[in-house]
Amino acid sequence: MRYYFIAGEASGDLHASNLIRELMRKDESAVVRGFGGELMEKAGMQLVKHYRDMAFMGFLPVLLNLRTIKKNFITCEQDLLQFQPDVLVLVDYPGFNLRMAEFAKAHGIRVFYYISPKIWAWKTHRIKKIKAFVDEMFTILPFETEFYRQFDYPVNYVGNPVLDAVQSIPPKQPGAFFKKGNNMPDKPIIALLPGSRLQEIRSLLPRMLKAAASFKTHQLIVTAAPNIPDEVYRELLKGYEASLLQGKTYEVLQQADVAVLASGTVSLEAGVICCPQVVCYRMAGGALFFKIGQKVLKIKWVSLVNLILQRTAVRELLQHQCTVKNIREELEKILNNPAYRKQIDANYRELINRLGEPGASARAASLMVAKLQQKK
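Per our numbering, residue 1 is the first one in the sequence shown, and the count goes up by one each step.
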């Protein structure tokens with residue numbers, strides 16, 4: 001069968017790549033094409049456009065790049081029709097993907113959605129488009145089944161692919177071996193993970209660096225997003241002693257005493273790896289956007305760890321709260337308060353238990369192939 005994938009960011013690229021591998025195992029005739037990243041390409045997909053050309057975040061960047069966004073839609077629509085897949089598989093990224101779902105449906109192409117848009121957080125009205133244009137939704141968070149049920153829309157809960165991704169990495173290396181292999185001093189690590197979008201990196205990394213640099217007993221490691229040029233990081237790292245590593249996010253989280261990270265999938269990844277964390281989010285607008293967000297958002301937390309556990313298991317520093325002082329204070333607690341750290345460890349054990357068994361990618365692939373074969 002022929003599969004067309006669309007993923008618009010780094011985490012989507014990772015989870016879609018694992019799904020593609022499983023689809024190819026279960027469907028020997030599988031041909032995969034689409035928008036995504038190098039991981040999807042490595043898994044066997046014919047890459048049409050890289051997500052680095054699609055990752056616009058926030059009102060102003062979207063406004064300034066409307067021409068590019070429109071061109072991306074036209075390219076995708078034309079390529080989809082030319083390829084004529086048995087199914088369009090969408091991975092999160094709702095602003096782009098829901099429009100493509102409508103287009104595909106209008107042209108008689110089946111639509112599967114893997115990793116639901118976060119409509120339980122905001123823009124709940126998108127449920128109308130999902131019900132109208134998405135044939136099957138494959139969800140990865142346990143609470144999403146109940147959320148969709150209230151709209152009379154059955155979904156396929158397959159478990160969380162973060163468990164698969166983390167399970168696929170080698171066991172933790174001895175600290176000294178890891179540091180020597182990466183030309184680092186033999187000092188404990190504070191990991192800084194400022195996200196995968198240029199705007200959030202420029203907003204968060206300077207604050208992270210300034211806060212973490214206070215802890216002289218530790219060294220700083222910044223994980224680089226594959227779609228961001230090294231020059232961006234080098235400019236921001238001027239004046240700081242910090243190592244920059246690319247393609248080793250999980251290994252860094254395994255080694256770190258604590259991670260300061262951008263809100264997103266990486267929060268859940270850190271939780272599954274059991275690395276204590278400080279969750280950060282800050283874009284233009286500060287306190288005003290925070291107040292607006294409180295009215296617009298339908299959730300109490302933004303990090304997946306807290307959402308799944310339904311309590312504040314890890315500290316979130318959002319908008320005007322994301323200051324050097326607040327980051328530094330939270331790092332101090334994690335690094336120097338054994339009872340506080342012990343509670344975080346207990347929270348992570350509960351989180352892993354709630355996520356269930358690994359194998360989300362394989363379960364999703366089996367279901368997709370079965371549903372496509374039923375319609376033949």
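Honestly, I wouldn't trust all of these hints.
Claimed, not checked - Pair ranges (Cβ atoms, derived):
1) Gln374 to Arg126: 22 to 30 Å
2) Arg126 to Asn183: 40 to 48 Å
3) Lys180 to Trp122: 44 to 52 Å
4) Lys71 to Gln173: 21 to 29 Å
5) Val232 to Lys187: 20 to 28 Å
6) Lys71 to Arg25: 46 to 54 Å
7) Glu332 to Ala370: 46 to 54 Å
8) Glu77 to Ile352: 19 to 27 Å
9) Arg234 to Phe143: 36 to 44 Å
10) Gln374 to Gln246: 49 to 57 Å
11) Gln173 to Thr312: 28 to 36 Å
Stated by the list, open to error - Straight-line Cα separation of at most 25 Å, DSS-like style, residue types lysine-lysine; simulated pairs:
12) Lys179 to Lys216
13) Lys180 to Lys129
14) Lys129 to Lys105
15) Lys216 to Lys128
16) Lys26 to Lys70
17) Lys105 to Lys118
18) Lys371 to Lys128
19) Lys26 to Lys342
20) Lys187 to Lys216
21) Lys187 to Lys342
FYI, nobody ran anything at the bench for these hints, they're computed from the structure. Just so it is clear, CB atoms sit at the ideal spot from N, CA and C, and this is done for glycine as well.
Going down the list of hints, with the structure as the test:
1. Gln374 to Arg126: 22 to 30 Å: holds, 27 Å
2. Arg126 to Asn183: 40 to 48 Å: Holds, since Arg126 and Asn183 (Cβ atoms, about 47 Å apart) stay within the stated range.
3. Lys180 to Trp122: 44 to 52 Å: The hint (44 to 52 Å, Cβ to Cβ) holds, given that Lys180 and Trp122 are roughly 46 Å apart.
4. Lys71 to Gln173: 21 to 29 Å: Check failed, 44 Å falls outside 21 to 29 Å.
5. Val232 to Lys187: 20 to 28 Å: At roughly 25 Å between Cβ atoms, Lys187 and Val232 fall inside 20 to 28 Å, so the hint holds.
6. Lys71 to Arg25: 46 to 54 Å: violated, 35 Å
7. Glu332 to Ala370: 46 to 54 Å: 52 Å Cβ-Cβ, so the 46 to 54 Å window holds.
8. Glu77 to Ile352: 19 to 27 Å: Because 41 Å falls outside the window, the suggested range is violated.
9. Arg234 to Phe143: 36 to 44 Å: holds, 41 Å
10. Gln374 to Gln246: 49 to 57 Å: violated, 42 Å
11. Gln173 to Thr312: 28 to 36 Å: holds, 32 Å
12. Lys179 to Lys216: holds, 17 Å
13. Lys180 to Lys129: violated, 52 Å
14. Lys129 to Lys105: At roughly 11 Å apart (the allowed maximum being 25 Å), Lys105 and Lys129 satisfy the hint.
15. Lys216 to Lys128: violated, 53 Å
16. Lys26 to Lys70: Violated: Lys26 and Lys70 sit about 35 Å apart, past 25 Å.
17. Lys105 to Lys118: holds, 21 Å
18. Lys371 to Lys128: holds, 23 Å
19. Lys26 to Lys342: violated, 42 Å
20. Lys187 to Lys216: Answer holds: Lys187 to Lys216 is near 10 Å, not above 25 Å.
21. Lys187 to Lys342: Satisfied, since the Cα-Cα distance of roughly 22 Å is no more than 25 Å.
Checked against the numbered hints listed earlier, the structure breaks hints 4, 6, 8, 10, 13, 15, 16 and 19; every other hint is satisfied.
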